[in-house]
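> One letter stands for each residue in the lines below.
2 protein chains.
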Amino acid sequence: MKRADFPEPVIALISELKRLPGVGPRSAERIAVWLLQSPKSNVSPLADSLVFAKQVVHACSVCGFFATDGGCDLCDDITRDNGILCVVEQATDVLPLERSGAYRGRYHCLGGKLSPLDRVSPDDLRIPSLVRRVETSADGVEVILALGSDVEGEATANYLAEILRGRNCQLTRIAQGLPAGGGLEHADELTLMRAMQGRRSI
Amino acid sequence: MKRADFPEPVIALISELKRLPGVGPRSAERIAVWLLQSPKSNVSPLADSLVFAKQVVHACSVCGFFATDGGCDLCDDITRDNGILCVVEQATDVLPLERSGAYRGRYHCLGGKLSPLDRVSPDDLRIPSLVRRVETSADGVEVILALGSDVEGEATANYLAEILRGRNCQLTRIAQGLPAGGGLEHADELTLMRAMQGRRSI
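Respectively, the protein sequence lines represent chains A and B.
Sequential numbering of the first sequence, starting at 0, is according to numbering that gives the first Met the number 0.
Sequential numbering of the second sequence, starting at 0, is according to numbering that gives the first Met the number 0.
If a hint is listed, it holds; no wrong ones were tucked in.
Listed next, the in silico SDA-like pairs over lysine to any residue satisfying Cα-Cα at most 20 Å (straight line):
| no. | chain 1 | residue 1 | chain 2 | residue 2 |
| --- | --- | --- | --- | --- |
| 1 | A | 1 | B | 79 |
| 2 | A | 53 | B | 47 |
| 3 | A | 53 | A | 110 |
| 4 | A | 1 | B | 83 |
| 5 | A | 17 | B | 25 |
| 6 | A | 17 | B | 47 |
| 7 | A | 1 | B | 82 |
| 8 | B | 1 | A | 74 |
Residues from chain B shown here face chain A by an in silico Cβ test under 10 Å; the list is partial:
| no. | residue |
| --- | --- |
| 9 | 8 |
| 10 | 49 |
| 11 | 71 |
| 12 | 91 |
| 13 | 94 |
These aren't lab readings, by the way, just hints derived from the structure by calculation.
Nothing here was measured: the structure is a model prediction, and the numbers come from that model.
C-beta: ideal position from N, C-alpha, C; glycine also.
Looking at chain A on its own, in the form it has when it is part of the complex (with noise of 0.2 Å):
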């Protein structure tokens, strides 16, 4: 007697769904269950979906930030301030921003960040389409550094205005401190020292 598993198809599947991110051996197996149990048209708009945005959907060549056929909306957007320019690590790191309301200038996204560790060097980032585009922009362009605040970030940080100082740009970086809504008792060292050091008058 061979002991009973699922039907090849069914493993294949689930092979396909423990691939995902954050998708491990028992949900990909949870999802695949409940993929093949519920109704006929569950399926077809998953894959469909998956087939057509990857068809359609690319980098945006000047912002970095995701495009289709149709254009890239930041890009495109003629209402959207020439004078600043913000750089993210990656194209998901907009949307936050977008979301705050707080910007409404042009993007610039690296496609990731400086890491010796992680073999990442400033050939593997969109660094020299970033130059391009200062050096192409109008006078004294705002370049605002949107990076994480962990050491990859601040290292992206320091070589950015290594190469951009000079270029007839203003550099700025976003500030850090403490986070909205959190109390002094939570934040730590690093957290405090920086909101100490950037502290502003009122």
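Here the structure of chain A is known, so what remains is to put chain B in place on it, guided by the hints.
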């Protein structure tokens, strides 16, 4: 200026992914971005295996486990013991039993358990086909109720016991007691009570 968001195809993909069990808005976003940023080859196998599995996999009309057009691994296995029939709630309950290696007979998946709160009545379960299987079996087939030890599992076991009693079968139920590897200090009172009630001479 409109706030930028993912392009429409990405939003459609995210909303499909969000419907999967255990996948929240943030994991859906993470999976979608991962799928879009990974090489092209990553998305077709998933889409194809989804559609293919949905196409060829269905519930076996005899035991209720997952079967393909090629047949049912459980029912087609002639080396299995026809003298024992194990009743489980879900088709997926077959797998842990198979993996335990403790059972080599036939299965019957009910497709759920009795639960008035969720409006699951005996008509919603594969009970008539179970009765038919028992009646057409050889004399004295052993029917093992391998149902959960929660309230609904107990109710279902009691209901089945009532229906099957006197139908020329031997009814048994899997043991309840201390789980493997667990000390007494971690067991709840009900488990201990049942472990005590189920004690056997050694």
